[in-house]
Amino acid sequence: MNMSLFAAASIGTGVMMIVAAVAALIVKKLISAIIIVGFVSLSASLLFLLMDAPDVAITEASIGAAISTVIFLWGRGKIGGEQ
Amino acid sequence: MSAEYLFYWSMAATGLGLILIGLWGVLTRKHILRIALAFTLADTGVNLILVWSGFLPGRSAPIVDSSVTQMVDPLPQALVLTSIVIGVAVAALFVVVGVLASRKSGSADIRHMKELKW
Amino acid sequence: MSFTFILAHVLTGLGALFLFASGVGVFRMPDVFNKMHAGTKATTLGSILFLSGLGLFEPSWLPKLLLVAVFIVLTNPVSSHALARAAHNDASEKPDNLVIDDLEESKGEEQ
Amino acid sequence: MKRAPAVVSTSVILMGIWLSLTLSTDIQEIVLGVVVSVIAAIATNGALTGNLFRLLKPRKFIAAISYIFYFLGQMIKANIDVLFRVFRPVIPLNPGIVKVNLNLKSERAKVIVANSITLTPGTITIDIAGDHIFVHWIFLPDGDVHAETQSMVDGFAGRLEKIFE
Amino acid sequence: MSNTFMVILFVLIGGGLFLAFLRLILGTKATDRAVALDTTTLITTGFLVLVAFLQGRSMLLDVALVYSVLSFLGVLAVARYLDGGLR
Amino acid sequence: MIRTIVGLAIVLILMAILITVVDDYTVPSALSGVGESYTETGVEDTGSVNLVTAVVVAYRGLDTLGEVVVLFSASTAVVLILTLIPIGSGPTPPSSIVSFTAGILPSAIILFGIYIITHGHLSPGGGFPGGAVVASAFLLVMLGSNTVPGKSKFLSSIESLAGLTFGLLGFWGMFAAGQFLNNLVLPAGSPGRIISAGIIPLISLAIGAKVASELSGIFSSYRKAGGEK
Numbered sequence: 453m454n455m456s457l458f459a460a461a462s463i464g465t466g467v468m469m470i471v472a473a474v475a476a477l478i479v480k481k482l483i484s485a486i487i488i489v490g491f492v493s494l495s496a497s498l499l500f501l502l503m504d505a506p507d508v509a510i511t512e513a514s515i516g517a518a519i520s521t522v523i524f525l526w527g528r529g530k531i532g533g534e535q
Numbered sequence: 020m021s022a023e024y025l026f027y028w029s030m031a032a033t034g035l036g037l038i039l040i041g042l043w044g045v046l047t048r049k050h051i052l053r054i055a056l057a058f059t060l061a062d063t064g065v066n067l068i069l070v071w072s073g074f075l076p077g078r079s080a081p082i083v084d085s086s087v088t089q090m091v092d093p094l095p096q097a098l099v100l101t102s103i104v105i106g107v108a109v110a111a112l113f114v115v116v117g118v119l120a121s122r123k124s125g126s127a128d129i130r131h132m133k134e135l136k137w
Numbered sequence: 018m019s020f021t022f023i024l025a026h027v028l029t030g031l032g033a034l035f036l037f038a039s040g041v042g043v044f045r046m047p048d049v050f051n052k053m054h055a056g057t058k059a060t061t062l063g064s065i066l067f068l069s070g071l072g073l074f075e076p077s078w079l080p081k082l083l084l085v086a087v088f089i090v091l092t093n094p095v096s097s098h099a100l101a102r103a104a105h106n107d108a109s110e111k112p113d114n115l116v117i118d119d120l121e122e123s124k125g126e127e128q
Numbered sequence: 003m004k005r006a007p008a009v010v011s012t013s014v015i016l017m018g019i020w021l022s023l024t025l026s027t028d029i030q031e032i033v034l035g036v037v038v039s040v041i042a043a044i045a046t047n048g049a050l051t052g053n054l055f056r057l058l059k060p061r062k063f064i065a066a067i068s069y070i071f072y073f074l075g076q077m078i079k080a081n082i083d084v085l086f087r088v089f090r091p092v093i094p095l096n097p098g099i100v101k102v103n104l105n106l107k108s109e110r111a112k113v114i115v116a117n118s119i120t121l122t123p124g125t126i127t128i129d130i131a132g133d134h135i136f137v138h139w140i141f142l143p144d145g146d147v148h149a150e151t152q153s154m155v156d157g158f159a160g161r162l163e164k165i166f167e
Numbered sequence: 002m003s004n005t006f007m008v009i010l011f012v013l014i015g016g017g018l019f020l021a022f023l024r025l026i027l028g029t030k031a032t033d034r035a036v037a038l039d040t041t042t043l044i045t046t047g048f049l050v051l052v053a054f055l056q057g058r059s060m061l062l063d064v065a066l067v068y069s070v071l072s073f074l075g076v077l078a079v080a081r082y083l084d085g086g087l088r
Numbered sequence: 010m011i012r013t014i015v016g017l018a019i020v021l022i023l024m025a026i027l028i029t030v031v032d033d034y035t036v037p038s039a040l041s042g043v044g045e046s047y048t049e050t051g052v053e054d055t056g057s058v059n060l061v062t063a064v065v066v067a068y069r070g071l072d073t074l075g076e077v078v079v080l081f082s083a084s085t086a087v088v089l090i091l092t093l094i095p096i097g098s099g100p101t102p103p104s105s106i107v108s109f110t111a112g113i114l115p116s117a118i119i120l121f122g123i124y125i126i127t128h129g130h131l132s133p134g135g136g137f138p139g140g141a142v143v144a145s146a147f148l149l150v151m152l153g154s155n156t157v158p159g160k161s162k163f164l165s166s167i168e169s170l171a172g173l174t175f176g177l178l179g180f181w182g183m184f185a186a187g188q189f190l191n192n193l194v195l196p197a198g199s200p201g202r203i204i205s206a207g208i209i210p211l212i213s214l215a216i217g218a219k220v221a222s223e224l225s226g227i228f229s230s231y232r233k234a235g236g237e238k
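Residue numbers (our numbering), protein chains in the order written: chain A, 453 to 535; chain B, 20 to 137; chain C, 18 to 128; chain D, 3 to 167; chain E, 2 to 88; chain F, 10 to 238.
Derived by calculation from the structure, the hints in this document are not laboratory data. Just so you know, not all the hints are guaranteed correct.
[Stated by the list, open to error] With a straight-line Cα cutoff of 27 Å, these simulated DSSO-like cross-link-like pairs (lysine-lysine) come out: (1) A:480 / E:30; (2) A:480 / C:111; (3) A:480 / B:123; (4) D:164 / D:107; (5) B:123 / F:162; (6) D:107 / D:62; (7) A:481 / E:30; (8) C:111 / E:30; (9) B:133 / B:49; (10) A:481 / C:111; (11) E:30 / B:49; (12) D:79 / D:101; (13) D:59 / D:79; (14) E:30 / D:164; (15) D:62 / D:164; (16) B:123 / A:481; (17) F:162 / F:233; (18) D:59 / D:164; (19) B:133 / B:123; (20) A:481 / B:133; (21) D:79 / D:164; (22) D:101 / D:164; (23) C:111 / D:107; (24) B:49 / A:480; (25) B:133 / A:480; (26) B:49 / B:123; (27) A:481 / B:49; (28) D:101 / D:59.
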């Protein structure tokens, strides 16, 4: 029973991640792309937890949520957007 | 098509998909930060595939407990643990070099960064 | 079927329902402030109910789950407020369906 | 030494957080927890809680408890409001931002009021400037908007004044 | 916890997560997406706790705690950026 | 346009190759030899309940040392390049709610990070995520202000001290037990308590301090490159 629930969860998360990854690359504004990549990192953390890797999940959450988002936002502020 | 089968392969499909999408983004995008984002996506995909290679459905996390009998492989997880932190340091370097290059060439578009071509 | 058992079911179910309602609200509301109404209030109470319900199923986890809930209560309104302020300050992000806007007027007075 | 009560109350709270994190009563955990929480409290100068000893007077303690219950009641009302609003076929909307006074001295009390307003029926805090607070309504109340908003804000501020005087 | 109840919880939480995700992808403005990110992370925190509960190991709750604290920081960073605080 | 098509073609070819590679792959039923031996003898060898930390710090400790060096060089490069970028116009001040929250929450987040670091051998966590969480507390302070931090001698001394501790612990193992980073120069203790698993908690602390100070250094130099209003 747990296995089929986890299978459903992992398939759903995987589909969301793929769609979000494509969206991050084709969306117009860079700031939206950064927000969506933050979502992909956080979903990856959920997948790592489902794959019985809590250490990796904790690391991915702590790095992907705030730190890499801030780094990209800083670069966006220094460079300016597209066009 | 058991649940176990779907559970196992959906992970691999996600990681592979992320790698391919990231690669496509690196090849086709023009804004330097967009390329950095695509690179981060591919990085996440590689980490997923690595952890997946040590994953067996139905076993538990590699933290020994009185209730635990069978565990997944801890080695790939240890590798990925360090890879994630390196990944963010590399992304920071990527962004900083991108900012510097765009300052030099006056645009964030990689087609204008002529001096980086060899 | 003890009382705690039933209460745990009710709390987790209600919490999940509120989390679902927050998703619906964020999806359906027309502009950013109204999205925030659904996204902040419903997720906060939903998380509290859901976490305390699961804590009743497994009483030894209760302190840690309550800690998560307290963190959410402390932090969620702050991030929501910061986003609201940013949305109001940025001309391209600001919604245009406001009936009264005292903040815009007081900004005008300052200048 | 002026901050000593704040440091002590912060380290007590941090110790509580540590105990609920570890879920263990091993002597090593407790010793480490005391050391870490005292160091963290001294390093941040007791900023987490401020001076909690003022709350130990029975009158203020009762006021704090009653504030928590008032807040929880308002929050449940807010969520039922959201629940019934989002499932309507057409969401009833009449949004607006209203400016009202907030006469509290303590910074902590202002932040608590602002966060409470964000979590209670139909309102979120947009900004605080000096003695004024800007509140966004999802559905503006009937009648005098400013008076209604002022009474809603005073519902929180009046209760908090008893604690933070 | 019976199986039916567990399925109901999964469907409710997953549905909420999916709708907020749709707003994240479709949302016309950056602040809409940021609000959707806030909502998705909080719903996912609930999801992580549910997974920890189903696996029956309290140490997995650390992941949920880190997740909730740091997702708050991420959203705050986006908000401060839009406000001009990260220049 | 041509770029998009060529990119798509390359990606599709790669996808076909990858699919043929994994085509006859089935769900495995047992671990590989290395993983099997780690899971069987890990607790006796290292005393660490969390086998991932055991692999990161004890079995593969030398790799981790190299990894910390990579992190150090990357962050040094970032800080160096940031000095080449012209200083910006400076951030706007935050609202009082955000700055107040950024004033009160860091102590709780630091406590939480130290919990993750010190319980690395007992529960998920360890030096890397814990250090990142501690750095996030610094990030919260940065988000809640618009001033530039002063010259941080403290950060760089913590950084050097952590690296030195890591190296010295390694050499201690070499001289006492004939092996660089030998874990059991301290007693293994009873698994499941804080003081157990030899030098793993100490090395976790060193890694945590190193990661936290590197990431905080990156943030603080970002803020300096942003300028002051």
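Hint check:
1. A:480 / E:30: 10 Å, holds
2. A:480 / C:111: 19 Å, holds
3. A:480 / B:123: 25 Å, holds
4. D:164 / D:107: The hint holds at about 12 Å.
5. B:123 / F:162: At roughly 32 Å apart (the allowed maximum being 27 Å), residue 162 of chain F and residue 123 of chain B break the hint.
6. D:107 / D:62: Holds, because 17 Å separates the two Cα atoms, which is no more than 27 Å.
7. A:481 / E:30: 9 Å, holds
8. C:111 / E:30: This hinted pair holds, its Cα atoms lying about 9 Å apart.
9. B:133 / B:49: The given pair, whose Cα atoms are some 13 Å apart, holds under the 27 Å limit.
10. A:481 / C:111: Distance ~16 Å between residue 481 of chain A and residue 111 of chain C Cα, so the pair holds.
11. E:30 / B:49: Distance ~22 Å between residue 30 of chain E and residue 49 of chain B Cα, so the pair holds.
12. D:79 / D:101: 23 Å, holds
13. D:59 / D:79: 30 Å, violated
14. E:30 / D:164: Not satisfied, since the Cα-Cα distance of roughly 42 Å exceeds 27 Å.
15. D:62 / D:164: 7 Å, holds
16. B:123 / A:481: Satisfied, since the Cα-Cα distance of roughly 23 Å is no more than 27 Å.
17. F:162 / F:233: Distance ~15 Å between residue 162 of chain F and residue 233 of chain F Cα, so the pair holds.
18. D:59 / D:164: 12 Å, holds
19. B:133 / B:123: Holds. Residue 133 of chain B to residue 123 of chain B sits at ~10 Å (cutoff 27 Å).
20. A:481 / B:133: Cα-Cα ~25 Å, so holds.
21. D:79 / D:164: 24 Å, holds
22. D:101 / D:164: 24 Å, holds
23. C:111 / D:107: The given pair, whose Cα atoms are some 31 Å apart, is violated under the 27 Å limit.
24. B:49 / A:480: Distance of about 12 Å is within 27 Å: holds.
25. B:133 / A:480: With Cα atoms ~25 Å apart, residue 133 of chain B and residue 480 of chain A stay inside 27 Å; holds.
26. B:49 / B:123: Since the Cα atoms of residue 49 of chain B and residue 123 of chain B sit roughly 17 Å apart, the hinted pair holds (cutoff 27 Å).
27. A:481 / B:49: 13 Å, holds
28. D:101 / D:59: 35 Å, violated
Going down the numbered hints, you'll see the structure goes against 5, 13, 14, 23, 28, while the others check out.
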